[in-house]
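For the record, in the sequence shown the residue sitting at position 121 is 121 according to our numbering, with numbers rising by one throughout.
Honestly, the hints are just simulated from the structure, not real lab data. Accuracy of the hints is not assured; some may be wrong.
Pairwise CB distance ranges, derived in the manner of DEER restraints [said to hold, decoys possible]: (1) N161 <-> V227: 36 to 46 Å; (2) S237 <-> Q132: 38 to 48 Å; (3) P109 <-> W88: 33 to 43 Å; (4) G139 <-> F166: 40 to 50 Å; (5) F166 <-> Y136: 36 to 46 Å; (6) S53 <-> S196: 18 to 28 Å; (7) G23 <-> S53: 44 to 54 Å; (8) Y33 <-> T190: 19 to 29 Å; (9) S164 <-> L90: 18 to 28 Å; (10) D37 <-> P234: 35 to 45 Å; (11) T190 <-> A107: 48 to 58 Å.
Please read all numbers here as calculations on a predicted model, not as lab measurements. Each residue gets a CB set at the ideal place from its N, CA and C atoms; glycine is no exception.
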Amino acid sequence: MALLGLLLMGFIALVSPASGYGGGWIDAHATFYGGGDASGTMGGACGYGNLYSQGYGTNTAALSTALFNNGLSCGACFEIKCMNDPSWCLPGSVVVTATNFCPPNNALPNNAGGWCNPPQHHFDMSQPVFQQIAHYRAGIVPVAYRRVPCRKRGGSRFTINGHSYFNLVLITNVGGAGDVRSVSIKGSRTGWQAMSRNWGQNWQSNAYLNGQSLSFKVTTSDGRTLVSNNVAPPNWSFGQSFTGSQFP
Numbered sequence: 001m002a003l004l005g006l007l008l009m010g011f012i013a014l015v016s017p018a019s020g021y022g023g024g025w026i027d028a029h030a031t032f033y034g035g036g037d038a039s040g041t042m043g044g045a046c047g048y049g050n051l052y053s054q055g056y057g058t059n060t061a062a063l064s065t066a067l068f069n070n071g072l073s074c075g076a077c078f079e080i081k082c083m084n085d086p087s088w089c090l091p092g093s094v095v096v097t098a099t100n101f102c103p104p105n106n107a108l109p110n111n112a113g114g115w116c117n118p119p120q121h122h123f124d125m126s127q128p129v130f131q132q133i134a135h136y137r138a139g140i141v142p143v144a145y146r147r148v149p150c151r152k153r154g155g156s157r158f159t160i161n162g163h164s165y166f167n168l169v170l171i172t173n174v175g176g177a178g179d180v181r182s183v184s185i186k187g188s189r190t191g192w193q194a195m196s197r198n199w200g201q202n203w204q205s206n207a208y209l210n211g212q213s214l215s216f217k218v219t220t221s222d223g224r225t226l227v228s229n230n231v232a233p234p235n236w237s238f239g240q241s242f243t244g245s246q247f248p
């Protein structure tokens, strides 16, 4: 029983840091990738594609396995500051959105190249935002982080991809907790239907919804739900994006 308790405590320690905001600072490390213009950060495991046009800019990071939570942490926001290394740290902090996955490298030890190996808490930040808290030549620095609410401009966005009977909706620019945990869709001739997460923040419905106005119900990890009614008009087509409501 004592062993079970220890295992449970380890599990909670592993998953809880990315599960909610309002907590204290947690120790981690940070590196950078993507080049000076962050062009190498485009795409990624969350499915956001062009981070510039989606509104995320360069304030983004790839999360290690312990934080990524199999993609459920996509869209979450973290405040990060460099700590305990005066030779390399710069003052202040930055806020980043989780947009990608930093994969483990099991061929290397956790403290020498395997920065993103479990159970490490690690942020592989875009180079421009990393250089706001540390010098470029540092390479890797100790940091402290905490979950914070996401503050986004404009409404949440819904990009409808796929084809008839396969509606793949990418959800971006979500404020508040930021990380979407469940989605429902409603056509003007249907009731609410739960969508399944395909990958990243791409959500899938196999209903035939052509020719109907579309509404979305989005729930984030803090349990709050946002309803965007009639976001897409009846004449929507695949490949289009539409702006809905936003968390305050």
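Here's how the hints hold up against the structure:
1. N161 <-> V227: 36 to 46 Å: At roughly 22 Å between Cβ atoms, V227 and N161 fall outside 36 to 46 Å, so the hint is violated.
2. S237 <-> Q132: 38 to 48 Å: holds, 40 Å
3. P109 <-> W88: 33 to 43 Å: violated, 21 Å
4. G139 <-> F166: 40 to 50 Å: holds, 43 Å
5. F166 <-> Y136: 36 to 46 Å: Holds, at about 44 Å.
6. S53 <-> S196: 18 to 28 Å: holds, 26 Å
7. G23 <-> S53: 44 to 54 Å: Given range 44 to 54 Å: violated, Cβ gap about 32 Å.
8. Y33 <-> T190: 19 to 29 Å: Violated - the Cβ-Cβ distance for Y33 and T190, about 43 Å, lies outside 19 to 29 Å.
9. S164 <-> L90: 18 to 28 Å: violated, 52 Å
10. D37 <-> P234: 35 to 45 Å: Holds, at about 40 Å.
11. T190 <-> A107: 48 to 58 Å: holds, 50 Å
Comparing the model with each earlier hint shows violations of hints 1, 3, 7, 8, 9; every other hint is respected.
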